Structures are given as C-alpha cells and as structure tokens.
Amino acid sequence: MIENPKITVIITSSLIPSHPSIEVIKTTIESLKFIGLKKGNSEVLIAQDNHPKRPKKRGPRYEIYKKRLQEYFNKNPDFNYKILKGRPGGRIGLVGNVMNAFKSVKSEYVLVIQHDMPFLDKGIDINKIMEDMKSNPKMKHVRFNRRRNIARGFDGENKNLFGNQIKANNYTYTSTGGWSDNNHICLASYYRNVVFPRCKPAGFMEKFLNGKHKGGSGHKESNHIFGTYLYGPKGQNPVIWHKNGRKFLAKKKILSKKENS
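Every position in the sequence shown, counted from 1, becomes a number in this note's numbering once 661 is added.
To be clear, the hints were calculated from the coordinates, so they are not data collected in a lab. Some hints could be false.
As the list claims (entries may be wrong) - The calculated lysine-lysine pairs, modelled on DSS-like cross-linking and capped at a C-alpha distance of 30 Å, are:
1) Lys767 / Lys728
2) Lys667 / Lys694
3) Lys820 / Lys699
4) Lys799 / Lys687
Just so it is clear, the structure is predicted and the values come from calculations on it, not from any experiment.
Given the sequences, and given the hints that come with them, work out the whole structure.
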C-alpha cells in the first residue's frame, strides 16, 4: 500500500447467492480501468460485511470467496488492493461496514462503490472529477448514475432541487436533492463530518440522509449541507450498471444443465 494516496476506493461487499464465485465483484474491480484510476495515487479497499449467522452452509461459501478474491489480486496487481477484516460479531450493515473501512482511509478523497455496480466505459477520468470538485466546493457528493440524469426516483423527490448544472473545467454536473449510496465520490472529511454523525451503523446511508424530511438531502434548507450532484449533464445516459448476483447464478445453472444434458 502507498503512504499518501490521493483517493481511496472502498468497495462494499456482503454475502450474495453467487458466492463463492468472484465473478460479480471481479467485473466491478476490472471496471476501475474505465475511470482512469491510477495505481500510483490510489488504494482499493474491499470492505466485507460479516456473513449472517443463519444457514451454516453460508459461512464456508464466503470464506472460499475471500480466498479466491485474494488469489485473484495476487495474480492481477493492477492496483493497491487490501481485503479488510470485518468487525467481530454478526452482520454490521452498510453504514457499519463503511465506518470500519474508514479506519484504513488516509486519503483526501474516497470513491465508495458497491460490489455489484461496475462502471461503463464512458471515458470518465476520476482525477479530473477531483479537480472539478476542488474548484467547485458546493459539489460535495458526486454520484455516478445507473439511470439517465432525469428527475426520477430519489432525484425526483424534490424537483425544485434538480437540474441546476455546473459546467466545470472538465465535466458538467447536475444538482439533485437525492442522496444515494450508489457509486459516488466525496472528500473523506465529508463522511466523517456529514455522513457518520447522521447515521447508525446497522442501516443504509440512504435511510438516514435521503428525503424531504427536515435535515434530509431533499429538504431545501439542508440540501447545501449534502451538496448532492450527478456526474454529467441533464439527460445523460447511465454510467454504471447493476450486475445481479441472483441472475448471474441462475444463468450459470442453466449453462451447467445444458453442458451436462
């Protein structure tokens, strides 16, 4: 690992039906090449939630998955990878998982990614986005959308907050009242000062931060605290996608049956 990284990528991971296969997270990891991530100024942390204690058979699957993932990193040293140990005990939830990962964050910026949300090849340069954010401090949370940049879902909850565009030196960004834990970049201090104080470990950030309620990102008087923006202009097509672990597993089973028939 490097001493003073500019950006830390946190990939949040938890047990999914396709484990012990690493295909889902592998696709996401390999998509980092689509955003211009540089090994010389970044670290990639795999933040793993502890597997639920329900069926005992799930435990071995997750352990095999982690072993396979480490073997993949050993053979593919494209970035500075580190698999983090989950906090002792049962499942800690997304907030707790990210909190635990932050113990290893030394960088100015963080890029938080879900393990099943790879980037599309859209010519994004994460280094240029950091430049734009530094020049435009009102952009505190820049999200990469998995649908078009339109006032829909979280982004349409308060339409008055949607659609103001910032044309920065490198890219254009669109304001939104929606706060989502889908792939996003922000200052590490943003999590420490804005996100964590408003969240409880056993939950999702969206539950605590998003919405029109007083103090939520969709509330006119508090939106400036969250500084929520979408990468790209209004109407831009998606720049990330969802690789569904259940569908991947079902497809794999179908192919296996055909091969054995």
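Going down the list of hints, with the structure as the test:
Restraint check: the Cα-Cα separation between Lys767 and Lys728 comes to about 26 Å, which is no more than 30 Å; the hinted pair holds. The suggested pairing of Lys667 with Lys694 holds, with an alpha-carbon distance near 17 Å, which does not exceed 30 Å. For the hint pairing Lys820 with Lys699, the CA-to-CA distance comes to about 37 Å; that exceeds 30 Å, so the pair is violated. A hinted pair counts as satisfied when its Cα atoms are at most 30 Å apart, and Lys799 with Lys687 does not qualify at roughly 34 Å.
Violated hints, in rising order: 3, 4; the structure is consistent with all others.
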